[in-house]
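So the protein lines, in turn, are chains A and B. Residue numbering for the first sequence follows the working numbering, starting at 768 and increasing by one per position. Residue numbering for the second sequence follows the working numbering, starting at 2 and increasing by one per position.
FYI, nobody ran anything at the bench for these hints, they're computed from the structure. A few of these clues could be false.
As the list claims (entries may be wrong) - Derived pair list, reagent style DSS-like, types lysine-lysine, alpha-carbon separation capped at 30 Å: (1) B:K55 x A:K1047; (2) B:K74 x A:K1041; (3) A:K959 x A:K911; (4) B:K70 x A:K902; (5) A:K937 x A:K911; (6) A:K1041 x B:K70.
Said to hold, decoys possible - Some residues of chain A that are not near chain B, with every Cβ distance over 12 Å (derived): (7) R819; (8) T876; (9) E943; (10) R948; (11) G1065; (12) G1170; (13) A1262; (14) K1430.
A virtual CB, placed ideally from N, CA and C, is assigned to each residue, including glycine.
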Amino acid sequence: MACERAHFKGAGSRHYRVAVVGNPNVGKSTLFTALTKEIAHIANWPGTTVERKEGLIRVSGKEIVLIDLPGIYSLSGISAEERVARDFLLTGQWDALLILVDSLAIERTLYLAVHALELTGRAVVALTKWDAAHKQGVHVSISKLESELGIPVVPVSAVTREGIGELIAKLLQVLEGGTKRPLKVEYGYLEKYISELEKELANVSLPFKAPPRWVALKLLEGDEHISMLVRSAGGEGVVRRAGELRSLIVQFTGREVDELEIQYRFNFVDELCKAAVVRKRVREEIGVFERVLLSRAGAAASLLILLPLYLAVFTFNTGFPLTLILRVVGAAEVAELLESSTLSGLISGAFDGVAALVRESSLPTVVKSAIADGVLQGVGLVLTFLPLIFTALLILSLLEDSGIGPYAAASLHRFFQRLGLSGRAVYPLLISLGCNVPAVMASRTAPDEVERRQLVFSVPFIPCQARLVIIVAFVSVYFPSPFVAVTALLVTYAAAFALFAFTSTIIRRFYGIREPPELLIELPPIHFPSLRVLWWIAWDYTKHYLKRAGVVIFGLSLIIWALTSELGVFAAAIGDVLSPLLALIGITGEKATLIGFSLVAGLAAKEAVLLSISATMGADPIDALRSLQLTGAQALSLLALYTTYMPCIATVGTIYKETGSLKYTVSATAWSLSLSLVTSYIVYILASGLNL
Amino acid sequence: MIRSLADVPAGSRAVVVEVAGGRGAKRRLLEMGLSPGSRVEVIVNGFPGPVVVKVRGVMAALGRGLAAKVLVKLEEGEREAQHGV
Chain A
768 MACERAHFKG AGSRHYRVAV VGNPNVGKST LFTALTKEIA HIANWPGTTV
818 ERKEGLIRVS GKEIVLIDLP GIYSLSGISA EERVARDFLL TGQWDALLIL
868 VDSLAIERTL YLAVHALELT GRAVVALTKW DAAHKQGVHV SISKLESELG
918 IPVVPVSAVT REGIGELIAK LLQVLEGGTK RPLKVEYGYL EKYISELEKE
968 LANVSLPFKA PPRWVALKLL EGDEHISMLV RSAGGEGVVR RAGELRSLIV
1018 QFTGREVDEL EIQYRFNFVD ELCKAAVVRK RVREEIGVFE RVLLSRAGAA
1068 ASLLILLPLY LAVFTFNTGF PLTLILRVVG AAEVAELLES STLSGLISGA
1118 FDGVAALVRE SSLPTVVKSA IADGVLQGVG LVLTFLPLIF TALLILSLLE
1168 DSGIGPYAAA SLHRFFQRLG LSGRAVYPLL ISLGCNVPAV MASRTAPDEV
1218 ERRQLVFSVP FIPCQARLVI IVAFVSVYFP SPFVAVTALL VTYAAAFALF
1268 AFTSTIIRRF YGIREPPELL IELPPIHFPS LRVLWWIAWD YTKHYLKRAG
1318 VVIFGLSLII WALTSELGVF AAAIGDVLSP LLALIGITGE KATLIGFSLV
1368 AGLAAKEAVL LSISATMGAD PIDALRSLQL TGAQALSLLA LYTTYMPCIA
1418 TVGTIYKETG SLKYTVSATA WSLSLSLVTS YIVYILASGL NL
Chain B
2 MIRSLADVPA GSRAVVVEVA GGRGAKRRLL EMGLSPGSRV EVIVNGFPGP
52 VVVKVRGVMA ALGRGLAAKV LVKLEEGERE AQHGV
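Isolated chain A, as found in the complex (with noise of 0.2 Å):
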């Protein structure tokens, strides 16, 4: 696995690598905070959209580096955060490991722990949520666990900060001292065998870094993956040998290896409870808002919490749809007073105020042009987009943190999973009628790496609110009585949906995979979520856009601008380019060469395709829309095309940004203009048959 050894370079001094490991919800994030100033680099795992966080402690003149691990159940590789996690453990470029237990649930989540600690016993147990355990009646014998297991396990607390000190200390003491032998756990009626495997790993050099009696477990049970590993550094005839006792086992047994695996490890965590943890209440009741939730009219419930947060964060950023209402209710001059004091209005009148600037000076016109359309558009196109992206981060972040997000997840899975997708996939849905760009941020929500691609291929289909003014313009010339109207405006909005939903089950059939998601989601108390940890992650993936898509934006920005400056030789020739495609249409001449231009400018922004239609018309864009005198069936195909063609360049930037492959990004946006083109000469086929 290719992974760099270090991002901090402390100048000359000892820096240690922490592997942080624990279960989703145990309160990762937020003992990350805790202990780390700051996120100090964010990047994606080589060849995975998991996301790799990192974070540094400085402590006594020395650097601890915390590597988070993806929040996983167990170390068997099934997901691809398991897979991430595993190998990287595995690679053996750490000094220490940080488990994460939840106090509040210290019966499933020691699971993990104890898998971790088989692996080395170079490591310290946080016990997180230790202030709640207390109010809940849980009380835990830390002594008790520390001798079981061999580990210093330090309770903690992210609220009150209590024991924070301690596991740094802890921490350091295990990073500076020798090695520790890894947690034996008993197993049973498997011991003979996996003693027998693993005096014949002794033979072979293995190329990562694992305690042989590990090894022997898990080629035992049949992990393809490690299997590869040891076959190909020559223990073929373990792993042959491993083969024939597994065959043995089921046979006398009626089990899998891996069934009776984790068996024996729950009996030993079971036993590990019994003598250290006391619960006083057993029976806890839950909530009135989660009982809502999961009822009946959960799926309701759910929409009833999201619609109005994700329309209040576009209403604040940008009007909409609050300026749409005001628009269609004759209130135009409200609307446009709206939309130049929202967030996003008063940054890009800002740049506009610059570039009016740029143009009155007496520099030469070539600069003037290249400074206020290219250079300015591209770094106000950049900025426009940071609140928009921090208030939606910040309100996901909010949901999910606040344990709100599962059970809405759980509540309209059912809807989802006839598109291959999950519950979870109603935030970039939701976000993506706004505006696409912190819709593909928001997939990173999905439950596996499969379903995150899904998002990112398919979010870009839903028309964003640019992409809606295109289409009101549209209907409104070309189809104006208001039946009519509705209609057209249903079924751009319906067709759109179907090529989102028929690209993520296209992308999920890619990957190999028939069947729908299963549910398996865990509930967390819904709490007050942690105001620091929400600021922190909004404010951290705002950073890492500005750095990472903000540097894509503003370079296809100036590409852009090269492409269809006024000034430039392209300008004409870019129509020319797409003419024979929109002949198909029969759209041919000057009109073709019109429409070819703004189909490029459209790029920079959905919104700049009107612009650039009624700035070479000269006229107010419903004119100049309608001096095109298109036919009925042009219309709905052009609609079908200016709504769907390709992911703006921001959105073309997050994609990268998110996937960090710049394959996936040429596909995505290949993808989207290939199947928009077909789409609308489809609709275009369809319309003229119906004489429209």
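Please arrange chain B on chain A, whose structure you already have, making use of the hints.
Using the frame of chain A, we list chain B on its own:
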């Protein structure tokens, strides 16, 4: 009496007897704590929504397909419990 978790009425407690299903699904269920011998409490169970259980101190929602793969034995004193939410 052994039945699937999908057929256990809300409010009942049961003990996991066996988990069926493909390797991946089975492993996920087991590692979420639904291993044989674990006690589960069914919190919500209404068609077509998910089955919500509490197991090993954690609440979790299972789709009906997955819940059907978990075979359980109702605990003593729970047998007279009625079906439905």
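Each hint, compared with the structure:
{"no.": "1", "hint": "B:K55 x A:K1047", "in the structure": "holds (17 Å)"}
{"no.": "2", "hint": "B:K74 x A:K1041", "in the structure": "holds (22 Å)"}
{"no.": "3", "hint": "A:K959 x A:K911", "in the structure": "holds (29 Å)"}
{"no.": "4", "hint": "B:K70 x A:K902", "in the structure": "violated (36 Å)"}
{"no.": "5", "hint": "A:K937 x A:K911", "in the structure": "holds (17 Å)"}
{"no.": "6", "hint": "A:K1041 x B:K70", "in the structure": "holds (28 Å)"}
{"no.": "7", "hint": "R819", "in the structure": "holds (23 Å)"}
{"no.": "8", "hint": "T876", "in the structure": "violated (8 Å)"}
{"no.": "9", "hint": "E943", "in the structure": "holds (34 Å)"}
{"no.": "10", "hint": "R948", "in the structure": "holds (25 Å)"}
{"no.": "11", "hint": "G1065", "in the structure": "violated (7 Å)"}
{"no.": "12", "hint": "G1170", "in the structure": "violated (10 Å)"}
{"no.": "13", "hint": "A1262", "in the structure": "holds (28 Å)"}
{"no.": "14", "hint": "K1430", "in the structure": "holds (27 Å)"}
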